[in-house]
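There are 2 protein chains.
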Amino acid sequence: MAALPSGVLGALDPTSDRAVFRQIADQLREAIDKGQFGEGDKLPSEAELVEHFGVSRMTVRNSFSVLQGEGLVLAEHGKGVFVRPRPPVRRLASDRFARRHRDQGKSAFIVEADAAGSRPEVDSLEVKEERPSQDISARLGSPRRVLARRRRYLLDGRPVEFAVSYLPLDLARNTPIAQPNPGPGGIYARLEELGHRLDHFDEEIRARMPSPHEVKTLQLASGVPVIHLIRTAYDTEGRPVEVCDTVMAADAYVLAYELPAT
Amino acid sequence: MAALPSGVLGALDPTSDRAVFRQIADQLREAIDKGQFGEGDKLPSEAELVEHFGVSRMTVRNSFSVLQGEGLVLAEHGKGVFVRPRPPVRRLASDRFARRHRDQGKSAFIVEADAAGSRPEVDSLEVKEERPSQDISARLGSPRRVLARRRRYLLDGRPVEFAVSYLPLDLARNTPIAQPNPGPGGIYARLEELGHRLDHFDEEIRARMPSPHEVKTLQLASGVPVIHLIRTAYDTEGRPVEVCDTVMAADAYVLAYELPAT
Chain B
1 MAALPSGVLG ALDPTSDRAV FRQIADQLRE AIDKGQFGEG DKLPSEAELV
51 EHFGVSRMTV RNSFSVLQGE GLVLAEHGKG VFVRPRPPVR RLASDRFARR
101 HRDQGKSAFI VEADAAGSRP EVDSLEVKEE RPSQDISARL GSPRRVLARR
151 RRYLLDGRPV EFAVSYLPLD LARNTPIAQP NPGPGGIYAR LEELGHRLDH
201 FDEEIRARMP SPHEVKTLQL ASGVPVIHLI RTAYDTEGRP VEVCDTVMAA
251 DAYVLAYELP AT
Chain H
1 MAALPSGVLG ALDPTSDRAV FRQIADQLRE AIDKGQFGEG DKLPSEAELV
51 EHFGVSRMTV RNSFSVLQGE GLVLAEHGKG VFVRPRPPVR RLASDRFARR
101 HRDQGKSAFI VEADAAGSRP EVDSLEVKEE RPSQDISARL GSPRRVLARR
151 RRYLLDGRPV EFAVSYLPLD LARNTPIAQP NPGPGGIYAR LEELGHRLDH
201 FDEEIRARMP SPHEVKTLQL ASGVPVIHLI RTAYDTEGRP VEVCDTVMAA
251 DAYVLAYELP AT
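Here the protein sequences come in this chain order: B and H. Going by full-length UniProt numbering, the first residue of the first sequence is number 1, and it counts up by one from there. Going by full-length UniProt numbering, the first residue of the second sequence is number 1, and it counts up by one from there.
Read the hints as simulated data drawn from the structure, not as lab findings. One or more hints might be untrue.
Since copy identity is lost for identical chains, a pair holds within one copy or between any two.
[As the list claims (entries may be wrong)] In silico DSSO-like cross-links for lysine-lysine, where the CA-CA straight-line distance does not exceed 30 angstroms:
1) Lys34 to Lys79
2) Lys42 to Lys216
3) Lys42 to Lys79
4) Lys216 to Lys128
5) Lys79 to Lys216
Here the structure is a predicted model, which is why all the values come from computation and not from measurement.
Based on the sequences and whatever the hints tell you, model everything.
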């Protein structure tokens, strides 16, 4: 048997009331946390752990399942179990919708990708008129019809976010906002040109496990939650002019905000 | 066999390449989403689903596991599988650290609980001096020692959040901040009395699956992620005077922020 890295894994505690598969998962997790197994490293094999701990294969498999459920490792069929590489993280700053960015003709996504040195892409773009859901309708002041702009964002080829922007149809119809490419600065720049000077945005943040559809669209690894962000844009008259409903891979994002103390 | 609610569950699609246990999970999820099974409702039993779909018990169990992993249902041993009740949600608003709240002698947690009509509690309070981790040290301007205030928050008896505040020791030692109860308005009120007038807070938000310790501390159901929030308080001289490291049950919170458009 190949030797385990010396000293990384200890013995089981036979007096503990913690199940053996959990004790093994605890030891592996601790070794990962300490960097004894780094990103992309292969964990000891089933056979090695069976031998080391004197347990059944099923017990070792259960330990791996625990770590997979926590998003710490990935199982590659026939190859073994690996420490999940941490993908590059996008940091979304509070000033990402500042007018100076729009004035430079940049959309928020491009601003952030630039800052991160990553290659941004948008795909699966779909623009259509539809009836809003109750929730979207309530947030937008009850328009009967909306323009919906759906798209997926990728960074360096990896899907990180799926977003749908909803705008009251009376405001967006027959404008560049209804075009697949709304032009430099994105739809916020167009809204301002149409006389809806933006005042502020409200953002609501939730986290939850993804639906199967979200797992597929964002190619999420096991144990990776999503951040659900709903943003409402208000113009200077206080009218909500857009709601953007966004689902983000939680392992690809840090959201940053500034709060007033006064 | 007890009749299933009529029309709620359909047939399987034998031509689909989607595994049968996933098809069953899809049907149950859709029925939950539509409210055909409400919060706290019992799903059809294993035996009923075996009969309805003509599949094995193992297949039905795998379907339940999928829904459990998504946080949609809870299995109660010997009783069945139930739609997970959605707990009351705390909405954290951008103005929660506004001075007017402190001036009224209220801490942020009390302000929010008041707003939600919930009964707030704090337990497991621990105050001690310690060496900061590298991350906390970097955020606080590299103090050699910090005062750490650990506590757990409960709403209506349910743990919702575990938080640790770190303050540079030179600033907090021998002040009311080092007392278990720092007095009305909490530590932010005390910091201001000590001459550190607060200017703003930076918050960083991540979401991930909980560690086993966090599952235990927050009594998290299966399939419930945590929101990890790190807040840094700055005084008007730009000095970081506190870092608060918070882990929240993701099913108990909505975070709300306002972003400037200018």
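Now the hints, each set against the structure:
1. Lys34 to Lys79: Answer is within; shortest intra-copy Cα gap is 24 angstroms, inter-copy 41 angstroms.
2. Lys42 to Lys216: Intra 25 angstroms, inter 29 angstroms, cutoff 30 angstroms: intra and inter.
3. Lys42 to Lys79: within (9 angstroms within a copy, 41 angstroms between copies)
4. Lys216 to Lys128: Within one copy only: 23 angstroms inside a chain, 46 angstroms across chains, cut-off 30 angstroms.
5. Lys79 to Lys216: within (23 angstroms within a copy, 33 angstroms between copies)
Hint check: no violations occur; every hint is consistent with the structure.
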